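*Asks:* Single-letter residue listing:
There are 6 protein chains.
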Amino acid sequence: MAATLTHIGASGEANMVDVGDKAETTRTAIAEGTVAMRPETLALILSGNAKKGDVLGTARIAGIMAAKRTHELIPLCHPLLLTKVSVEIEPDEALPGLRITALARVTGKTGVEMEALTAASVACLTIYDMAKAADRGMVISGIRLVEKTGGKSGDYKAGE
Amino acid sequence: MAATLTHIGASGEANMVDVGDKAETTRTAIAEGTVAMRPETLALILSGNAKKGDVLGTARIAGIMAAKRTHELIPLCHPLLLTKVSVEIEPDEALPGLRITALARVTGKTGVEMEALTAASVACLTIYDMAKAADRGMVISGIRLVEKTGGKSGDYKAGE
Amino acid sequence: MAATLTHIGASGEANMVDVGDKAETTRTAIAEGTVAMRPETLALILSGNAKKGDVLGTARIAGIMAAKRTHELIPLCHPLLLTKVSVEIEPDEALPGLRITALARVTGKTGVEMEALTAASVACLTIYDMAKAADRGMVISGIRLVEKTGGKSGDYKAGE
Amino acid sequence: MAATLTHIGASGEANMVDVGDKAETTRTAIAEGTVAMRPETLALILSGNAKKGDVLGTARIAGIMAAKRTHELIPLCHPLLLTKVSVEIEPDEALPGLRITALARVTGKTGVEMEALTAASVACLTIYDMAKAADRGMVISGIRLVEKTGGKSGDYKAGE
Amino acid sequence: MAATLTHIGASGEANMVDVGDKAETTRTAIAEGTVAMRPETLALILSGNAKKGDVLGTARIAGIMAAKRTHELIPLCHPLLLTKVSVEIEPDEALPGLRITALARVTGKTGVEMEALTAASVACLTIYDMAKAADRGMVISGIRLVEKTGGKSGDYKAGE
Amino acid sequence: MAATLTHIGASGEANMVDVGDKAETTRTAIAEGTVAMRPETLALILSGNAKKGDVLGTARIAGIMAAKRTHELIPLCHPLLLTKVSVEIEPDEALPGLRITALARVTGKTGVEMEALTAASVACLTIYDMAKAADRGMVISGIRLVEKTGGKSGDYKAGE
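Protein sequences appear in the order of chains A, B, C, D, E and F.
With full-length UniProt numbering as the guide, the letters of the first sequence map in order to residues 1 to 160.
With full-length UniProt numbering as the guide, the letters of the second sequence map in order to residues 1 to 160.
With full-length UniProt numbering as the guide, the letters of the third sequence map in order to residues 1 to 160.
With full-length UniProt numbering as the guide, the letters of the fourth sequence map in order to residues 1 to 160.
With full-length UniProt numbering as the guide, the letters of the fifth sequence map in order to residues 1 to 160.
With full-length UniProt numbering as the guide, the letters of the sixth sequence map in order to residues 1 to 160.
Hints may be right or wrong, so weigh each one.
[To be verified] List of simulated lysine-lysine pairs, DSS-like, C-alpha gap at most 30 Å: (1) A:157 / C:152; (2) A:152 / E:157; (3) F:152 / F:84; (4) D:84 / B:157; (5) C:84 / E:152; (6) B:152 / F:22; (7) E:152 / C:157; (8) A:84 / E:84; (9) D:157 / D:84; (10) B:157 / D:22; (11) F:152 / D:84; (12) F:152 / F:22; (13) C:22 / A:157; (14) C:152 / C:22; (15) E:157 / C:22; (16) D:152 / F:157; (17) C:84 / E:84.
[Unchecked claim] A few chain C positions that, by computed beta-carbon distances, are all more than 12 Å from chain F: (18) 22; (19) 25; (20) 40; (21) 54; (22) 57; (23) 58; (24) 60; (25) 62; (26) 126; (27) 144.
Quick caveat, the hints were computed from the structure, so don't treat them as lab data.
A quick note: this is a predicted structure, and the numbers were derived from the prediction, not measured.
We treat Cβ as the ideally placed atom computed from N, Cα and C, and that holds for glycine.
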C-alpha cells in the first residue's frame, strides 16, 4: 500500500477531502509543545504568575480561542463543533521552560489533531510574545501529536 | 536593570503595552521553524510537489495569511499594517524534513517578531495537516526569531 | 448544593466545559437590552429611519452577524450551528430610547444564551455608533436573558 | 445647528463616513459598564479568583481582543491601529457585582469610543458566560462613554 | 403561488430564516464564474503557472478558505459544517481568460449554494489581484449556480 | 517592457509585494457589478424594499463590511486603513436586475481596487442570497474596476 497525501488530487491540486461519508464518532486529540528559555526568564514568568496568573492564563485562553479558529488558519481543515478544548501549562526546569499540553474533542466526522496542535502552537506563541522583551532567544519546539482516539484510522499514541 | 514582562502591569494584570509614543520606523523580523518527518514522507511531499507544488504552495499561502491575523490570535499583539510578508520552504535532508523561513516587515510603531513567528508556525501546521494521513509522527521544532532590525530595542540576531 | 463556576477547573484554570455527552435538543434563548438617549436623538433616529430604515436595519444586521461570531468573542463559548437569529428594535418613549430583543435558536448540545446576549449587545453598540455624533451620552443598559428553553438545566424566565 | 446622523447620507443610506481629511492625533476613550449579580455569585467569582484569577483575567483578555475587532463587528466603524487597550475589573459591593473600565488609544484619524465600548461590553458578556451556570439573572448595565480626548469634536466627559 | 423573499418578514425586516425543522440531508452545490482578460495576460498567468502553479493554486486556496467563511460575509447565511469544498480553474481561450468551478457539500439543514458562489467569487477576485498589475481591465462575469442537489426545494440545474 | 505578475517571485512563489517604500497618498477606487434576474424577481425586491429597504440595505452593509476584510480573503492583499467605503445599488430595468457601485478610499501605501471589487462582489452575493428562494437563475456579471486614482501607477478609467 502506498501512502498518499489525502489533500492532493490525482492531478496535484490541493482540495478539502470529502468527509461526508465518515461516521460521527467522539474523537479526541492531545498535542504538546515546549517553550525553552533562560532560567531567569522562567523565574520571571513564574513570579509574575504568582500574582494573578496572567502570563499562563493568557496563553491558555489564547490557545483555546485559536483551536476554535483552526479551520480559518489551516486551508484544508474542515470546520467542526468542538465539544471541549483545554490547555495546560507546566514549568519544566529541565528545559528550562514551559511545557504546553492541549486537548481537543469533538463528536463529528473528522479528527481534531489540527485543533489540538493549533491550540498548543498559539499558546507557545503567546508565551513568547509576553516574555520577549526579557528574552528574544526563546525557542518553541516539540509541537507534536501525543495521542488520538476515535475515527476510522484508529487510535494513535506517539512513540508506539 | 531588572528584566520585566512588558505586558504585565504592576498589579499583575495582562494588558496591551502603550506604543503610542514609539517612533514609526521600518521594522523587519525573520523567523524560522522545521517539520521533521520520515524520509519517505518527505519524498512523498516533494514528489507530490513536482506536479503542481500544492503542498508547499498551500503552506506558504497559509503562513502569509496567518501573519496578517497575528493580532487576532495573540491577545496582546497590536494590529499593524504589514508591508511585506514572505514565506520560503526548503527541504532539509538532514532532518529529514522541511525548513520554513518567514519574513515580516512594517513601517510602524511596533516590531513584527510575532507576525514572522506566526507565519512560520502556521506554515508548519499546514504541512502537518497535508501530510498527516501518511505520517502522524511529524514534529514541529525550532520555531524561533532569527533576526530583527529596526525599533528602539535595537537589532537582534540569533546566536550572537 | 454549592453553585459552581462551570468554566473553572478544580485548580482554578479557565477551560471550555466538555459538552460531548449533552443531548442534541432544540434550544432557544431570548435576550434584551436598551439604549437610552435624549428625546431629540430618538426623534432623529426615527425620522432618519422614515427614509430607508438604515439605522435600525443596520443595527439589526450587526446583531445577527455578531451572534454568529459569539464563539470567537467569548473565550469559552462552544461553536454551534445557529438555526435562527432574529433581532427586533422598538422605540420606547419612556426611556426615551430603543429597546432591542434578540432571539437565537439551535439544535445542539449547548445553549444559546450567549448568542442572544451578544446579538443584543452588538445591536446596541451599533445604534450608539450611528448616533454618537449627535449624542455621546447614550447609555446601554438592561442587557439580560429574558427567557430560555431546552437543555438539561431546564427552562428559565426572567423574574420568576 | 441641526444635529445629524453622520453615517446616514442625504438619501438615507448607511455608509462609512469619509475620514480621509481628518488629522492624525492621539485619541483616547474610556468606557465603563457593570454586571449586577446576586451577592453569592460575586463571592463565588471573587473566591474562584483567589486561586488563579481566571474569571476576571479571562474577561479582561476577551475585552482587549474584542476591541481589536470592533471594525468587524460594528458595520460602519473604520479600521484603526490601536496603540493601547486596557481593561480593569473591580468588585462593587453596592451593585453587588463587577465594574468594568476599558481604555482605548490610537494615533489616527478617528476616535476610539466604539473600541472602548466594545471592550467593556465583551468583558461584561464574558463574565456573564463564566458565571451563568450559577446565576442566570445577571444584568449588564451602564455601558457608556466616560471620557474622550483628542479629535476635532473636542473632549468629552460624562455628566458635564 | 406568490414567490417571496424568505429572509424578509411580514413587516419587512431582514432576518435569518429558521431552519431548525429542516431535515439533515446531503446537499451539494456547484457554481461557476469567469475572469475575462487580454490574451497576453492569460499567457502570462499560464506561463507563470508553468513554474510552480502559484497563481491558480493561490486562487484555488483562497476560494476554498472563503467558502468556509461564507456565513461571516453574507449576513443571513447560516453557519454550517462543510464536508467538502473544491475549486477548479481551467483556461478558456475563447474568453480569453479563466473559468472557475466550485463545489461545496454538506450534510445539514441548509443548502450550500452561497458557499459555492462565494468560493467561485473569491477565486476570481484573487486572480484579478495577482494579475492586476499587468491588466486592470479584467472582468469577472457569469457567477452563477450551475447545479444543486439535496434539500426540500428539489434539485436545480441551470438552463433547465 | 514585459508585463509581470507582481506577486510572483523569480522562482515562481506567490508572496506579498513589498510596499514599504511606496508613498502614502490618497487612493480611491470605484468598482461595479450587476445581478441579472427575472423581471418579477426585480419587482419583488423593489416592492419588498418599499417597506423597509432591507434587501438593498442589507446588501450594502454586507459590501461595506466585506471591504474591511479584503486582506483576510485575498491572500496577498495588504491590510490597510480604509478611510471611506460606500456602496450604491440601483435598479436597471434593461438587465433586468440591480447595478452595484462600490467606492473605497485610503490614505496609504497601496491601492484599494481589491477592496472596491470585494465590496461589489459581496453585495451582489448578498442580493443573490436574499432572493434565491424566488429565482435561482440570477447571474452576477460585470465585476470590474471602473476607475482608480492616486498611487504611482497612475490613474485608470475603464474603457480608455
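*Asks:* Evaluate each hint against the coordinates.
*Replies:* So, going through the hints one by one against the coordinates:
no.	hint	verdict
1	A:157 / C:152	35 Å, violated
2	A:152 / E:157	35 Å, violated
3	F:152 / F:84	21 Å, holds
4	D:84 / B:157	28 Å, holds
5	C:84 / E:152	18 Å, holds
6	B:152 / F:22	23 Å, holds
7	E:152 / C:157	35 Å, violated
8	A:84 / E:84	24 Å, holds
9	D:157 / D:84	20 Å, holds
10	B:157 / D:22	40 Å, violated
11	F:152 / D:84	33 Å, violated
12	F:152 / F:22	8 Å, holds
13	C:22 / A:157	27 Å, holds
14	C:152 / C:22	8 Å, holds
15	E:157 / C:22	40 Å, violated
16	D:152 / F:157	35 Å, violated
17	C:84 / E:84	24 Å, holds
18	22	32 Å, holds
19	25	28 Å, holds
20	40	23 Å, holds
21	54	6 Å, violated
22	57	5 Å, violated
23	58	6 Å, violated
24	60	8 Å, violated
25	62	8 Å, violated
26	126	10 Å, violated
27	144	27 Å, holds
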